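Chemist: Keeping the supplied structure of chain L fixed, place chain R upon it in accordance with the hints.
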Amino acid sequence: MATNLAGIIFANVGEYNIPELTAKRTMASVPFGGKYRLVDFPLSNMSNSGINNVALIARNNFHSLMDHVGSGKAWDLSKRHSGLTIFSPYGGHSFVNRIEAIFHIKGYVEHLKEEYVVITNSNYAANINYLKVHEFHLENNADITLMYKNMAIPPKKEAPVVLYPDETGLVKKLLINPPVEDECPLSIGSMIIKRDLLLELVRQCMSANTLDFAKNLLQDNIDKLRIFGYEYTGHISLVHSMSDYFAENMKLMDKDIRDELFNPLRPIYTKVRDDAPSRYGLTSSVKGSLVAQGCVIDGTVEGSIISKGVRIGKGASVKNCIIMQDCKISDGAKLENVVIDKDVVITEGRALTGCETYPMYIEKQSIV
Amino acid sequence: MYPKQEVVAMLLAGGQGSRLGVLTKKLAKPAVPFGGKYRIIDFPLSNCINSGIEAVGVLTQYQPLLLNEYIGNGQPWDLDSMDAGVTCLSPYQAVEGAEWYSGTANAIYQNIDYIERYNPEYVVILSGDHIYKMDYSKMIKFHKKRGAACTIAVIDVSLEEASRFGILNTYEDGEIYEFDEKPAHPKSTKASMGIYVFSWDKLRKYLIDDENNENSDHDFGKNVLPLMLSSGEKMFAYQFEGYWKDVGTIDSLWDANMDILNPSIPLDLKDVYSRNRMLPPHHLGENAEIQNSLVADGCEVDGKLEFSILFSGVKVAKDAEVNSSIIMPGAVIEEGAKVLYSIVSENAHIGKGAVVGGIPEDYPDRDQWGVAVIGDGLNIADGAKIAPKAMIDKDVEV
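Here the protein sequences come in this chain order: L and R.
Residue numbering for the first sequence follows numbering that gives the first Met the number 0, beginning at 0 and increasing consecutively.
Residue numbering for the second sequence follows numbering that gives the first Met the number 0, beginning at 0 and increasing consecutively.
With the rest of the complex left out, here is chain L:
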């Protein structure tokens, strides 16, 4: 099943709002849900929507991302004539913003055989069928379709875009960072546009040196183009800050959200690691938690996300925590409201407590 859609994913999104997790990685490679990286969601959604050509644009810190996506095979994006292409700056072709980035890959975009492009951020976890958005785009004879969800603007989101579509979906007003506190039609960072139009708009912006995607490419064209809003009604986790990150991970404890996000007919793929199933010892007590493979658990766990390869010793207690892969929580350690990055060792008997709205963060490869 091939579609007339190609994909562009931005790997670096709003990273300065969540510096802890993105010190050594892109937003796209931030771990999520115990076994995924955020980029798994846009990649799987594109693959499940029959999109065969995907460009992943990464500006900096992209080693962990490249290691994760590899050839794109895990998402079935490694075909003979199509698949995943990673674009990073090189030589004189560096870029700092989206318009420059797309200009930078114009050769790739020009040669796509697909006529339409989905452009998306990588800071979300949702199960989105882009084909439906594409159908909507075609039915409305739109130039640009922006996806939005009625929700309050997350506190730390930089330059949020709010659309005001009329009853037909046509957007006549688009505001950037408006002073709205209630729910509003907030852009979720995914859009569909015709490939040729995208190139034309990007060239115009480049030649005028007006390089703000939301302001110059979207807002300035609001009267010239048919811009439509597509309301997304499903579950979406948007990650803009550490407190978002914590809260959105914890939402996975809700069975309905899990069932929607991990729909077996539209699976979320990720890079596979050959972990054994997780083993629970005689002294373990685990409730209300999400546990990936390869763990050995002998302690008490409650309301937590335990990623692959984590060890939790006897008498250790882990409550409302996110423990990333391959951490070791030694015997008798007590943790509450803590986010622990990869490969951390918590030594015997240590006690760490954060706050539910402001979790404590332990850096990758630390020994506490």
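To be clear, the hints were calculated from the coordinates, so they are not data collected in a lab.
What you are looking at is a predicted structure, and each value in this text was computed from that prediction instead of being measured.
Glycine included, each C-beta is placed from N, C-alpha and C at the ideal position.
Misleading hints may appear alongside valid ones.
[Stated by the list, open to error] Chain L side only, calculated, beta carbon under 8 angstroms to chain R, not exhaustive:
{"hint": "1", "residue": "257"}
{"hint": "2", "residue": "266"}
{"hint": "3", "residue": "276"}
{"hint": "4", "residue": "289"}
{"hint": "5", "residue": "290"}
Modeler: Just chain R now, with coordinates in the frame of chain L:
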């Protein structure tokens, strides 16, 4: 032209495994799920690549669909290299006619062409129904050093058990002087593990001799090995230290699974590769009680779990109890159901309040007790009772 491979492995995976009853109704024994996420064949395949063997022929015959699909291009085991990799070898039609594999030796005989294209020095014969981790390269080194025609891996068993195995009687240096198939009075405790290393030129000759013998059953243990010994070939026993289990029966399959949960048994699942299903991490609910168990991805557990193994995507509802059981992929245990000392096959559905199997302590007459088995995709109605030792092959109403 294929580049030379010093060693080619031939994995015998065509057996029906009739002693596993409903478990092998629709799939070959090597494809039976094991250990929470594996299939039995993952063990020999992983052993091959971990021993540096890159050319593996898998001989399939009985119910090969799932097995062929599972092995695929061999990518999960890194057996998809350009020069060699894994190849499924099923019986075929030729100018001389068509015949099924009539015995283990005949199966290899019919695939001499496959082996020859790699021009190997040694051929390793493996079976697809054993759980063990072994570095075959050490055994091959032993074989080379002794200048043997054939080396057979052996494991020490107890004297009582010895009469259930093929026993090898050897001199002190390991050279074999006698085979004793299931001896009533064993002279040694060296049991054959069904793993053979042959020098290919020797094996080739004896396979052809055996094929031309009309009275032969074309079986390695029964025909080819005794023929080689009586012809004066140098044959050695190679002592294997470590965990090894033949999982040819319901009881041994259940035992081997339970062995994974036993910390004092040296069966480490590290470096065993398998084809992974794309499922989210498993979720344990607010009512979950879980002890000494193994749980794979995609499970949803809100009941009580003890000494059990859950494969991927299993659901155990609130107030359900699973004890000392193996629950294969996609099975559902509904509210209040009890599954005790049982094997529940893929996608089976155990209704509310149903009881499957029993605890051995409740059966003073041990002959009445055994592991209960529920077949693939079956539905056990709400409140139904399945006795221990039962082998269920159709839906059960109350």
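Chemist: Would you settle whether the hint for residue 289 of chain L is holds or violated, based on the nearest Cβ-Cβ distance to chain R being less than 8 angstroms?
Modeler: holds, 5 angstroms
Chemist: Return the status of the interface hint for residue 290 of chain L: holds when the least beta-carbon distance to chain R is below 8 angstroms, violated otherwise.
Modeler: holds, 6 angstroms
Chemist: Does the closest beta carbon of chain R sit nearer than 8 angstroms to the beta carbon of residue 266 of chain L?
Modeler: holds, 4 angstroms
Chemist: How about residue 257 of chain L: closest beta carbon in chain R under 8 angstroms, or not?
Modeler: Constraint on residue 257 of chain L satisfied, holds at 7 angstroms.
Chemist: Can you verify the interface hint for residue 276 of chain L: is its Cβ closer than 8 angstroms to any Cβ in chain R?
Modeler: Since the shortest Cβ distance to chain R is 3 angstroms, the answer is holds.
When each numbered hint is compared with the structure, no violation occurs for any of them.
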